[in-house]
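Go ahead and model the full structure; you've got the sequences and the hints to work with.
Protein chains in written order, with the working numbering: chain H, 1 to 504; chain U, 1001 to 1352; chain W, 2001 to 2308.
The reader is advised that the hints may include incorrect statements.
Stated by the list, open to error - Each pair of labels, with its calculated beta carbon distance range:
| # | chain 1 | residue 1 | chain 2 | residue 2 | range |
| --- | --- | --- | --- | --- | --- |
| 1 | W | F2165 | H | G118 | 43 to 51 Å |
| 2 | H | R159 | W | Y2154 | 35 to 43 Å |
| 3 | H | F110 | W | L2278 | 38 to 46 Å |
| 4 | W | N2223 | U | R1194 | 25 to 33 Å |
Hints were generated in silico from the structure; no laboratory data involved.
By construction, the Cβ of each residue, glycine as well, lies at the ideal position given by its N, Cα and C atoms.
What follows is the residue order along each chain.
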Amino acid sequence: MTAVLARLDGVARRFGSVQALAGASLEVRAGEVHAVLGENGAGKSTLLSVLGGMLRPDSGTIEVGGERVEFASPRDAWKRGIGLVHQHFTLVPALSGLENLALGRRSSPFRLRRTLEGLRADAESLMDRTGLAVPLDAPVEGLGVGEKQRLEILKVLLRDPSVVVLDEPTAALAPAEVTALFALLRSLAAEARAIVLVAHKIDEVLAVADRVTVLRRGRTTLTELRANVGAEALVRAMIGDPHVYAAALGVDASASHSRPTRTRGAVVATLDDVRACAPSGRLALDGVSLEIARGEIVGIAGVEGNGQRELALILAGRLRATAGSVRLPAGIGFVPQDRSHEGLVGDFDLAENVALALHADARFGGRATLAWAAIRAEAERVRDRFAIVSAGTSTRADMLSGGNQQRLVIGREMLVASDLLVAENPTRGLDVAATAFVHSELRRLTESPAGPGVVLVSSDLDEVLSLSDRVLVAAGGRLIPVPEHARSKQGVGALMLGGARGAA
Amino acid sequence: MARPEQRRIDLGALSVAAGAVVAAGGVGALLLLAGGYEPLGAARAALAGAFGSTEALLSITLVRTVPLVLTGLAVAFAFRAGVWNIGAEGQLLAGAIAAAWVGLAGRALPSWVLVPVLLVLAGCAGALWALIPALMKLRLGVGEVITTLLMSFVAIHLTGWLVHGPLQEPRGIFPQTEAIAEAARLPALVPGTRLHAGAFIAIAAAVAVAWLFVRARIGFRMRAVGASSSAARIAGRIDTGPIVLVAFMGSGALAGLAGGVQVAGVTYALYEGFSPGWGYTAIAVALLAALNPLGVLATALLFGALEAGAAAMQRDAGVPAVWAMAVQALVILAVLALDRLRRRGGGGAARV
Amino acid sequence: MSEAELVLFLEASVRLGVPLALAAMGEAITERAGVINVGLEGSMIAGALAGALGALAFGSGGAGVLAGAVAGGGVALVFAAFAIGLGTDQIITGTAITLAGLGFTGAVYQARFGATGTALTLPTLAPAPVPLLADVPIVGSALFAQAPTAYLAYALAPALWYWLFRTEWGLELRAVGDHPDAAAAAGVRVRRVRALATVFGGALAGIAGAHLALAHAGTFAENMSAGRGFIAIAVVALGRWNPALVFLAALFFGAASALQYLLQALGLDLPYQLFLALPYLLTLAALAGWFGRARAPAALAVPWPLRR
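This is the structure in structure tokens:
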């Protein structure tokens, strides 16, 4: 049996009234890739933050190399050989790659230049060894997503940790980049390190893991060798409830099948040779043409940053094209990706949040005034129809759980989407039950050819493939239609990657 | 925040404000004790000075309250839309300059023309003074905290130049303007007191701003932009630029109006050191009212009374008037601390 | 303009610029850490009073300067406890701290010296000419016949620049002001760095206040900081958050104030109030990008951790 490098036992941690961890345990051994699975909100990220010294647990123990330790800061964790690659980039945009690598090292505090030059040599030899190529002298704000990801990993590896913890490292990567990353993780594990990995896509991590630990509601429900555990047992450990479990399987089962072919309705939106710029000023859409018909779901897949964000904003009427012609209908609903910042105002109650979609509507008030009674009645309907759990329509949106927030956003946007609904990663961050609900709502909306057209922009290939009538891949600012014979994860993945290369 | 219709009675904010006043009063009393004064006597003298007689209430307290209401509204108007205009001081001076000029130049005009023109131009001047930071924010992305502060300094020095130069009284001795025309002055509300029609203007402005926030489409849009400009833009399809501009202009206009009302109702002239810092006290007034326009009426009265009482406290109890300033500071700090503690305690409790 | 007048003007520019330079260089460090301390005025007036009391108690100007630094840092610590400890809004907290500083110093002063305030005679910080350097024509007597606090400002300008841009601590501080989450992930104690930077800024503002009382006025007067704490925030912006440039910007503000003496000496009847407004207009122009892009720290005035 190989050496246990780190062990967390009975870890509990509370945030306000939310018990994020309630007795979670994790044991990692030298030479293994260890996957941590669980539904959203199961406590995976919190557990890793505890291991990485970012958070102190309320109770429970941490052992490293068989010794009880307490981490007051990430620095303490590094000293014990634990390196954490964060889910969100933790790079300072205004500093160069090299300066970011130097941050927090304190090797010769008064001689920053000497530190930087010493680090450059180390970083370059590590880049040669691992193939993680990153420009070191440019400010980080100008780097691409993949480069930032590599820099994050480089930053951790430079400290030569014995335990490498990665929180959702694949979210922004193309399939081929994921493959390369996993190969690197395998070779790191072969150097007698332990790799701890959290990822959203279960099949992806299962392919690389030696052992798995499953969390549910802040507790460890399963720890087992990968080879000894089947998919069903894993899902049961993750979600527990057999009803939800069935729904989850229903979604997964249909993943590789397209919808039955149906009659298309009238065209509601047309883009013709459209160009648009990202906020940075970079050309993000480079000549896109697209027609959306009533009653169809058009899926847009792609690696993030290939223009699908701008495409969604243009179709939703939130962004003006710099060239080309755009014809949009009047009744557009938009479910933005970042619901807490773009979809909702946390300080507003349910009715005020519904008013966000109605405040320009002449039916809800006079020329200059708003008719709150009518708006509140609409909010009441959304709340009932979408089973939003709240005390009433006077509840503040930031008091709702993530799933209820998403129900509110989708419910509100369906209210106004008489012609077109644009949804950006509508199930990102939702648990299995909430995901199933969103999928069924999208299907219901497009049941009849008189219903609105739906544009589904998603980085989740299973979702796109299972829901869409037709699929397009956003790559390098263009749209590539996916032919019927290529409608599979492999086929679409290949198109995504080809386009990403073209863009680079 | 409560539902929009009920926003007037926000129990949480109300309890924070009340708690803050009590806490600041308590700490202030302890400090007075430590300084060798008699807190009760000081409080009694201050209360008598602020509310003890019709003269005290109408001529002193309410007269001091009026500019605080209007500048407090100015701050609340901007802050509610997420615009950190901390330059109400400069916008007030711009309004006062415009008012003094109209009051001097318009001698030939009848009162029913002159007074409205004076007030409108004062508001316009305040708005104009806010326009430069507004454009710098919207066109160049320069944050308004520093620019509005800078504009206040420019206004202070501009006032200094005007009352030493072009607008100085004819004898050229004092750094002030001549008294404005009788016809330009606001009428007294209660004969024999200094309370002027500006009090009505202040109350009307508070009611108007309150109505705007609760009922008007533009008010809703301002609140949305202030609470989350990204959600306002994406979910609300609100073009935030014009909303931010409206917030700057409205805020500047209210502060400019404060300057105009002060010139036309109280001082009848512009002079060096015209504002004792109303534009800054206004931040405290607005904050204590939780940016609620009707709450501003109450908190401005509190701060007006504090200033009125301070003079009496010094005269009758021998406590230096600067204590009032220290107590104001304690009130703000207590509001900040209590509000944070309330949010921290109750933040996740109601999460469903 | 004669040479004597020029020397007078330069000397006055430096004399008026030094307190601004001290406070603004401190504030530059504070703002680089992502904290805008509008309560600087409170630190400065507290420093002035403590400087006066300290000099009186120990009979030396140097002790006064130390007392000023402690008082200024102490006031900034109160600001930090609210804005960094509790995460309250920095602008509003700073406004309150300024009010508190002005109020309490006035109260203490009156309690100690009576309501009318007897004119204090203090052990002052006398000009200390630097041998040799002070003899250089024009520049020498303008720059090197100043109070010792001026030399402190001269030394701090390059020292703080080096510290900020050429040491790892400076790198950590800049990271905290630009992206506190990233700094925290790299093991930097964000709130501690912010609190230390704030207290450091307050201490320098306190020294600036002591300089006003001991080297300028030779006495304490209520509200004698006269808005210099706010002016320092403008100076930081003109100096683009770079301590060396901030020092020069402070001298420029000092020169604008000194101009009125020069104009009087020359017998010119020019509207000096307009010249007083000039530095503010120039700062606005600088922020508008007329002299190249000036960028504030990205996380300036943003509380950390972010309130929910």
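Hints breached by this structure: Number 1 - this is the single hint that the structure violates.
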